[in-house]
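Trainee: Fit chain B to the given chain A structure using the hints.
Taken in sequence, the protein lines are chains A and B. Those letters in the first sequence? Residues 3 to 282, per the working numbering, in order. Those letters in the second sequence? Residues 5 to 252, per the working numbering, in order.
Derived from the structure by calculation, the hints contain no laboratory data. All of these numbers come straight from a predicted model, not from anything done at the bench. Check before you lean on any hint, since a few could be wrong.
Unchecked claim - Here are a few chain A residues that face chain B, going by a calculated C-beta distance under 7 Å: (1) S100; (2) Y101; (3) E102; (4) S103; (5) P106; (6) G108.
What the hints assert, rightly or not - Listed below are the simulated DSBU-like cross-link pairs for lysine-lysine, each with C-alpha atoms no more than 35 Å apart in a straight line: (7) B:K145 with A:K43; (8) A:K43 with B:K149; (9) A:K205 with A:K53; (10) B:K46 with B:K194; (11) A:K104 with B:K46; (12) A:K67 with A:K53; (13) B:K46 with A:K43.
A virtual CB, placed ideally from N, CA and C, is assigned to each residue, including glycine.
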Amino acid sequence: MFRNQYDTDVTTWSPAGRLFQVEYAMEAVKQGSAAIGLRSKTHVVLASVNKANSELSSHQKKIFKVDDHIGVAIAGLTADGRVLSRYMRSECINYSYSYESKLPVGRLVVQLADKAQVCTQRSWKRPYGVGLLVGGLDESGAHLYYNCPSGNYFEYQAFAMGSRSQAAKTYMERKFETFTESSRENLIKDALFALRETLQGEKLTSSICTVAVVGVDESFHILDKETVQALINEFEIAGEEAPANEAAPQDQGGDAQGGDAQAGAADQGPTDQGVAPMDI
Amino acid sequence: MIVDSSSPAPAKNSLLLSSGADLQRTQTPYVTGTSVIAIKYKDGILIAADMGGSYGSTLRYKNVERIKPVGKHSLIGASGEISDFQEILRYLDELILNDSMWDDGNSLGPKEVHNYLTRVMYNRRNKFNPLWNSLILGGVKNGQKYLGTVNMIGVHYEDNHVATGFGNHLARPILREEWNENLTFEEGVKLLEKCMRVLLYRDRSAVNKLQIAKITDEGFTISQPYSLKTQWKFKAFENPTVGAEGSW
Numbered sequence: 003m004f005r006n007q008y009d010t011d012v013t014t015w016s017p018a019g020r021l022f023q024v025e026y027a028m029e030a031v032k033q034g035s036a037a038i039g040l041r042s043k044t045h046v047v048l049a050s051v052n053k054a055n056s057e058l059s060s061h062q063k064k065i066f067k068v069d070d071h072i073g074v075a076i077a078g079l080t081a082d083g084r085v086l087s088r089y090m091r092s093e094c095i096n097y098s099y100s101y102e103s104k105l106p107v108g109r110l111v112v113q114l115a116d117k118a119q120v121c122t123q124r125s126w127k128r129p130y131g132v133g134l135l136v137g138g139l140d141e142s143g144a145h146l147y148y149n150c151p152s153g154n155y156f157e158y159q160a161f162a163m164g165s166r167s168q169a170a171k172t173y174m175e176r177k178f179e180t181f182t183e184s185s186r187e188n189l190i191k192d193a194l195f196a197l198r199e200t201l202q203g204e205k206l207t208s209s210i211c212t213v214a215v216v217g218v219d220e221s222f223h224i225l226d227k228e229t230v231q232a233l234i235n236e237f238e239i240a241g242e243e244a245p246a247n248e249a250a251p252q253d254q255g256g257d258a259q260g261g262d263a264q265a266g267a268a269d270q271g272p273t274d275q276g277v278a279p280m281d282i
Numbered sequence: 005m006i007v008d009s010s011s012p013a014p015a016k017n018s019l020l021l022s023s024g025a026d027l028q029r030t031q032t033p034y035v036t037g038t039s040v041i042a043i044k045y046k047d048g049i050l051i052a053a054d055m056g057g058s059y060g061s062t063l064r065y066k067n068v069e070r071i072k073p074v075g076k077h078s079l080i081g082a083s084g085e086i087s088d089f090q091e092i093l094r095y096l097d098e099l100i101l102n103d104s105m106w107d108d109g110n111s112l113g114p115k116e117v118h119n120y121l122t123r124v125m126y127n128r129r130n131k132f133n134p135l136w137n138s139l140i141l142g143g144v145k146n147g148q149k150y151l152g153t154v155n156m157i158g159v160h161y162e163d164n165h166v167a168t169g170f171g172n173h174l175a176r177p178i179l180r181e182e183w184n185e186n187l188t189f190e191e192g193v194k195l196l197e198k199c200m201r202v203l204l205y206r207d208r209s210a211v212n213k214l215q216i217a218k219i220t221d222e223g224f225t226i227s228q229p230y231s232l233k234t235q236w237k238f239k240a241f242e243n244p245t246v247g248a249e250g251s252w
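Just chain A, with the same shape it has in the complex (with noise of 0.2 Å):
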């Protein structure tokens, strides 16, 4: 992106009708590190990739608890996200209060989309630099929304975002139409499965990634390092082979590398690790 004379302040248009200082902010979504969402009819997964500064420092939260029945996955600046959190955390229990039940999802992420367009007219504010992923369920059934700095939300079966997030879109397009029927299990190594390829190769242990699940029994919570790490363990050995929803072959001998079992994409690039041990 170019810098110009009509991206210093929010309230000023280009000459072609954009507001660069919005689209400066969703920059900022794309230079956070990834966080995907899935969802099936009765599950809603949230995974990270959580990098740490250094080995001696811990790792960013990038998932948070809103209620039982939302949970929240953010990219980008990550002081934004904790703030918008604590304001979906405040409206749930708020909402909660007056009418003891529980907020439609729909309506917290609509809440949320014109807090971000305030910002967005308002000379003496800025956009929140975070892109959000909401997760949950309530009486109308499972949804995953994505929440950007410009104010707009969409509803998705299945959504990545931040850096090299396109190597987990790419995945999921493939395979989103599984999704729906898909069983809580199959669900979470697909997010695991789609939180690899934004890793370019480096090796998905449960200590650079969070998995978070809510389902219609099943509050929202964050999954222990040990059940990531075992779910993780599973499907590696498995090979690059994805869960039994992909009509991959086993049969591969003397076949091409793991990454072509996955439904032949050439642009599996990130995912050619050369870890398959089943390539005898």
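Mentor: Coordinates of chain B only, in the frame set by chain A:
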């Protein structure tokens, strides 16, 4: 001469009152409705109430509708100060309106409305300016039946059958004996009429003109007003003064 409005409720005849806030606290009700009774039945909720508005001991208004629909899923029945009930209906109207304006397929069910009312009633009580009502909130949403009550001090609970005022003393014992969860509509109406008849005989503020309302997943109906048959031909009522010297 200025009275600090945070002081406790002043005496009624206080000449020191100059702040408007104190003048607006409800001290006594004026036009009141008597009992409301309600039960869960097989398909939903049934609520019964008479149409009387008493002015103290005078049975002054005889066409007061004390049961009203709230949104798509609920009915509210009220006893106590009628003007406060009308105010509550305005609050609820605004609540339902704002809920509809989201236009997102979600809607407030009876449980949410009941809880909202509880908050309103309790908060008013804490400010020493209660809405002088006992309310019954019943409804059905997604096949789930709900029946609750809340009164002017904020006491609230749910049950399979509820009543306000005298209904608690005269109707609920009957309901405890004869209610079951598989009542048909006809059985439910008959049971409520039995209770209303007892109230008619024994409650001074009752009038013989009632409405029974029903709400199910399909929607609500509030009946046209009608009267109950009463029986006064008891031997003891004939020549009542026969044993009393000097009586007429």
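Trainee: Are the hints correct? Go through all of them and say.
Mentor: Hints and how they fare:
1. S100: holds, 6 Å
2. Y101: OK, holds: A:Y101 within 7 Å of chain B, min 4 Å.
3. E102: Since chain B brings a Cβ to about 4 Å from A:E102, closer than 7 Å, the hint holds.
4. S103: holds, 5 Å
5. P106: It holds, given that the least Cβ distance between A:P106 and chain B is near 4 Å, below 7 Å.
6. G108: holds, 5 Å
7. B:K145 with A:K43: holds, 21 Å
8. A:K43 with B:K149: The given pair, whose Cα atoms are some 26 Å apart, holds under the 35 Å limit.
9. A:K205 with A:K53: It holds: about 13 Å lies between the C-alpha atoms, which stays within 35 Å.
10. B:K46 with B:K194: Roughly 14 Å separates the two Cα atoms, so the pair holds.
11. A:K104 with B:K46: With Cα atoms ~27 Å apart, A:K104 and B:K46 stay inside 35 Å; holds.
12. A:K67 with A:K53: It holds: about 20 Å lies between the C-alpha atoms, which stays within 35 Å.
13. B:K46 with A:K43: holds, 31 Å
Taken one by one, the earlier hints all hold for this structure without exception.
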